[in-house]
Each structure stands twice: as structure tokens, then as C-alpha cells.
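If you read the sequences in order, they're chains A and B.
Residue numbering for the first sequence follows my numbering, starting at 1 and increasing by one per position.
Residue numbering for the second sequence follows my numbering, starting at 1001 and increasing by one per position.
A couple of the hints might just be wrong.
[To be verified] Sample of chain A residues at the chain B side, in silico, Cβ under 8 Å: (1) Leu54; (2) Leu79; (3) Asn152; (4) Leu154.
[What the hints assert, rightly or not] A short, non-exhaustive set of chain A residues, derived as facing chain B with CB atoms under 10 Å: (5) Leu28; (6) Val78; (7) Ala107.
Everything labelled a hint here was simulated from the structure, so no lab data went into it.
Built from N, CA and C at the ideal position, the CB exists for glycine as well.
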Amino acid sequence: MTTAEFAIETAGLTKRFGAQTAVDGIDLAVPRGSVFGFLGPNGSGKTTSIRMMLGLVAPSNGTVSVLGREVPRHLPDVLPRVGALVEGPAFYPFLSGAANLHRLDTADRHASSSTRRARVSAALDRVGLSHAAGKKVHAYSLGMKQRLGIANTLLAPRELLVLDEPTNGLDPQGTREVRGLIRSLADSGSTVFVSSHLLTEIDQICTHAAVMSAGRLVAQGTLDELRGAGDAYVRVLTPDPYAARQTLRALGLGLEHPASERRTDDPARVADTELVLAPLGSIDLEPETIVAALIAGGVRVRGFSVERASLEDRFVALTGEGFDVVQ
Amino acid sequence: MSSESAVTGARRASGWALLVSELSVLFRRRRTNALLLALAAIPILIAVALRLSSSGPRAGRGPPFLDQVAQNGLFVGVTALVVAIPLFLPLTVGVVAGDTIAGEASHGTLRYLLVAPAGRARLLAVKYIGAAAFCVVAVLVVVVTGTLVGAALFPVGPVTLLSGDTIPVGEAFARFLAIAGYVTVSLLGLSAIGLFFSTLTDVPVGAMAATITFSVATQILGALPQLEGLHPWLFSHYWLAFADLLRQPISWESFGDNALLQVGYIALFGALALGRFLTRDVLS
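Just chain B, with the same shape it has in the complex:
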């Protein structure tokens, strides 16, 4: 190989190999798989419980969409998502995002990645993309498992939207995937917060707990009417506001508002994480 082509080869390899390695380490880890299994259990539990109970739930009780499930199994996925959004999804995201840098520090592998050299900014970017990939997979696991279990245990048919229109099964599934996309975007701000906490410590459990606590505290603030002025600035503000995606014609307005808010959080906490990580003494 001529030296020139060796250089191009190295350039082609740059960046991507570390990302591929990060994703493969993340998703081959037993802990990640346990988290995903726990997420998959939510729609299964909901569907089985509903199937076994003789009287269906009355409209207006339990989580939203629950009363729809007995008529149409497609709703299991969305119902499970609504159940998982306040606590369970932030919890799993907190575990993965809080582990990003602190986990490497606690293994001692952070110093070897940096000496390799991974480059501090590049490593941080790869770690964030890994956490974001986990958000995508986590939400998809809930929706897809829910849809499959729903289809297995309940009748499936055209879906009646909130606006009263009825759409066929295929289009309904596309709408549910849009909701999955919405929820994924909702979790990206929290992932950036977890990444920042992870740069502050060598103890991954600390960063995980801080991220999860932060998420719960934010939702408590969001529930206090006295703090209404603050609410639009909380990253959890639009978490459950995806009803627009179940109307005809579909409205992307809340999707856009949510995305803009999350981008703000990613920029803020991404900058904080970068500022901290670029100057930090690695002593682990």
C-alpha cells in the first residue's frame, strides 16, 4: 500500500470505528439488554392484565388510551409509552447517559481511550450519540413490543383518531412510529444532562442517580401551578403533548416546539459537558 492510500484509508476509518465500537459495546452489554427487557415487559404486562380481567377498564380511568386497547390491540404500544414516560424511560436513560464518561472513569478505561488518543471532544460526541441511540432503541422496544403483543391478544382494526377520523392499520402504525420519534426527541435533552453529570464524577451510580433525580424534580416543578411561568422552560414540558400526532390532519406544531426545547437543552448541557471534560484532570 502506498503511503498516500494508507493515509486515505486511515481517514476513512477515522471517527466511525470508535462510534461503531461504542454502539456494539453498549448494546452487547448485559445491563443494557436487561434495561430493554424491562421496557419490553411494560406493554406485555398491560396487555396480559387487560386480557385476563373480565371487565374492561372504564373510559377515563387508568392511563390514557387504556380503554381503547380491548377494542383495538394497536393501542397497547402507545398506552405502554404513556405509562413509561414519567419514570421508567427517564430511569433507563439516566442509567445509560450517567454511565457514559463516569463508567469509563470507574473502569479506568477513560485514561486508555484518551491516551489512544480518542480526543476528548470526539469521545464526548461519540458517547452522546451512543446515549441517543439508546433512546431510539428504548422507545422502539416499547412501541414495537406493544403492537406485537396487542395484535396477538386483541382484535386489530382501523384506528379512530382523536379528531374522530378513522385511518387504516398501516397508517395507524406509522402514526405510532411518529409518536415514538416524538418521545425519543423528548429524551435527548435529559441524555445531555446525564452526559454532563457523568463528566463531573468517577462514580457512575452518582451520575445516574443525579440524572434521574433531576428528571423527577423537573416533573414535580412542572406539576406545581404556582410555577406556571417556569413550565415552558422545563425539558419535560412537552413530554406527553403528542396528541397532535393523533389528529387528522396531522399537526407537527408540538413536535417542533418540543424539538426546539430539547435542542436548547442539548446545546446548554452539551457545552457544559464539553467545558468540563476538556479541562478536567483525569486521575481515575
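So here's chain A without its partners, still in its complex pose:
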């Protein structure tokens, strides 16, 4: 058994499909024992990266090591130690939940036949599906399938769990349970690699995170590092964004990239107001001083705050905003 420092390590990992580059030279380092959040908008290359880690897709360039061994070459050694939920659960609709897990467990040649029944029922129990074990999967709800998919990753003790959107389709109760499950897995020493586009999820359970955008890795580190990378911000809601920017600039504040100012879902916003963001940086100004300057500058201030960047702000700043999937 190898004890590499990183559970997953990629170097220049690239995947091209024809002319399109889905994953563009990412260098990912997932420390052992971490709960690692893999963030990014839809279509940013998260799932393709995960498929390369699991040997489902061959990289066009670059290397991946999982649990200290290079894949795809050492996949037969690596995969039995990895539990994975990839791009949603998938099962035989004509088999029961228990029969599905039984079937997938037989695929692992290292899985012992004598303990199979017990391991299947323990995994079902762990995700709260014991009562539906004998029910055909086509009668399962999306949330039940998701739970069954997570149960499948728990059929054996794993050193690494790769969970792609684990709370997709789950009700709030189920989401809480999955968070609890991830914590208990991490407590037992497993590394958990969770991909998600839900920031609150990452915020609550992860120790580390990486952010993907348009196939590139735009940030990674501990959660505190990621949050800290964004300084305190001045947020101004106003119908006079031009005047506001001029005033802020006059105070010596740098202005944030315009992409992050567009279309923010702020409940305080009215139709004609815009959000102006300015990082406070090292400037030592009291909030009331800034407001006074804005008023003096003829800016109609409808909302004002100075706050530390949330993970969401960082995420939006890194990946852009809105429903436009980056191509």
C-alpha cells in the first residue's frame, strides 16, 4: 500500500474532443484526508476530469495519479480502493436496489462473495434505503437512486471517494444526511473528493477546494486561502453606477472586473439599480466616510455594505456569472 501525499494528483491534464478542449492542462493536488470540493459551472470540465481520474476517458495529454499510482496503467490496483459516483446514479431499472448493488459488486474481482450479502445490506442501511431494497429501481425516485448510487460507493472500505454532484435530486433532509455521511467518511480517514456547483454545500463540508472554469483550473487551496484571496469589498446598490465608480475611484479604490457586477441576484435590487463592487484593499476608510463621499458625489445610494468576500463572490469573480455556459 502506498502512502503518497496526495490522493489525486494531475499534471498538465488535458482532454480534447475534436476541436474542443474540455479540460485544459489542469494541475490538481488533492491532499490525503481532505474533503476536497471541486467547483465549477456546468460544462467547465469537472466530469471529464473525474472520468480521466477513473480511467473511463484517456487523457489527450498530461498525467493523473490516484492514491500514488499512475492511471490508467495501474487502474486494477487503484480502483478497488476508490468508490465513485460519476455523473449521476445509473442502474438496471428491471432489478431491485439490492440486486443492482449485488451485480456491481460482482464486477470487482477482489470483492469477496461470502460477505457480499452483508456488505450490500450494510451499504443500503447506511443511506437509509433498507426498506426499499427489494423494490425495482424503475420505481425509485431520483433521490432514492442518488442514495443507491452513494450506497454503491460504500460496498467496501475505500481510501478515496469520488462523488460527482452527490446531493443532486435530494430533498433538504437527504442533503443533510449526505453531508453527515461525508463527514463520517472523512473522520474514518478516507479522502473525499466532491464535485458540485452548489457553493453552500462546499462551504459547509470541505476543507479544500478547487475551481474550474472553461476547462481550466482557476484556483485551488484550503477554503480559508480561497476566501482570504478576496479582500473586503464595498458593495453599492445604485441607479447611478457611473457616478459611483468615479467617486470610489477618487477615494483610491480599485474597481472589480465588470463581469462580476452584472445580474447579481440580490434581493435588495430594484429594476434600475446596479451593483458596484470595489475591493477595499489596504485602504483604511470607515464605511460612513465612503457613504458620505458617495452622497456628496450625487450618487443615489440604495444599498451599501462593506463585507468580506464570500466563497460565492470568489466563485463568481473566477467563473463569471449567469446561465451562459462558458465554451
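Since chain A is already given, all that's left is putting chain B on it; use the hints.
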């Protein structure tokens, strides 16, 4: 359990558990059972139709052996087999072999089998053995149902072979089982072709249709006298050439020729399927 015995236990379990699971999933599936029921209906239809018609068929009309059925019910199974060989058996084999990999891909279970990890070559081998097992069962269903229905509706007695000799009922049934074996072997090449098509797509219906079309097209080529040079290379060339098994003494020559040809197809399309499947990006 000591770690050493755990390792041996795991080794004993290796390989076979997936095959057992594959066979049980295949034969517990409603679709597989519907295919087998449809195959069983062929001898039943033949026997019932013959029983109900007042005048028996004239020799030389209809499928081979049909005129023998009224005298000896044992011939129902072979007659049904001859009827099923050109289209119906290849159709069911096409459905099962075309579904092997593409069916898993369309369910999304292929990625979970591979991540388990099943091993790509091992999964392909298990899938082919499953398809071959279906060939065995499909042919047996036709022969056994035919023999039972024939025995129920017609007199049964010693069988007169093509060479003019007469053999007792028990030996005749053994000969029919030999024919069933011959037909099973005939379908193994087509199964390998279906397996290969199945690795090319995530849409099982596409692989099934391609396999069945391939089988029909090959038989059309086999029927064109202008292409005589090509005929010995077609996998359907020996499909109906099992008359040797109904002679005294029994001749295994055509059985051997057929088996050799099918092994060639299995090697070729098995290698193509492996080459494709080992390097393929699984995106389903």
C-alpha cells in the same frame, strides 16, 4: 479470517461471480424470456398447423423434414430449427449480442462496472460468454419444445435416416441434440459480430439492427451464384449443412468445417471488439 485466506477467498471468487451475475441478469430479464417464448412458438405452430390440416404436406414442399412429421413427431424439432435458422434465430442472437456493451452504456451501468473495476477485457469476455449461452439455450428451446410437442401430437417411432438406415428413438434424439450443437456453433460467429457492433455505439437498437442486417446481407450474398468464390468465407455458409449428422455412419466433417469457420469469425471480430473497447472513451 487470516489475510492469506482472505486473499485466496477473493481469488476463488474472481471471474466467476461476474459471469454468474451476467447469466442471471440475462435470463431473468423479461426481454430474454420473451425471445425464448417466441422461439418455442415456432415448433408449436408447425405441429398444430400440421395436426389440424386434413391432408398432410406433399413430399418436397415446404421446409425440409416437414413431410416426415406426420409419420414421426420427433421431426418437429428439426423442422422448426430449419425454419428458424435463416431469420428468426439470427434475429434473437442479434438482439442479445447487440445489447451486450451498448445496453450497459445506455443504462449508464457500463461506467459503474468499469469503475468497480470489472476490467475491460474481462467484461468483454463475460459478455461474449453470456451471448454464447443464449445461443445454446435458444437452440435447445426450439429442439426440446419441438420434440415434446411432436411426441404429444404425432406418433413417435424409430427414425429413418437420410442414408436409409433406421435408428431407435433414443439415438435419434441424440442426433437431434448433435444438430442443436451444430446450429449453436453456427451462431457463435454472428454473436462475435454483434459484440463488436455493440462496442461501437451507446444505442443498443443500432447495434442490434446492424447485426441482424449483417446476417441477412450475408445470406443474400450467399444466395448469389456470381459470388461463388466468396461463399466459403461467409459465416452463414454451413448454416444448413448439417445433413451429415443424419447419415449412418455419422460424419463430423461439415461440423468441423463449420466450427473452424466460426472460430475464424470469433477471432477476427473478438479482436476488433477488444481493440475498440480497450481504447474507447466511456462517456455514457
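For each hint given before, does the structure comply? Return the numbers of the non-compliant ones in rising order. Going through the list in order, the structure violates hints 4, 5 and respects the others.
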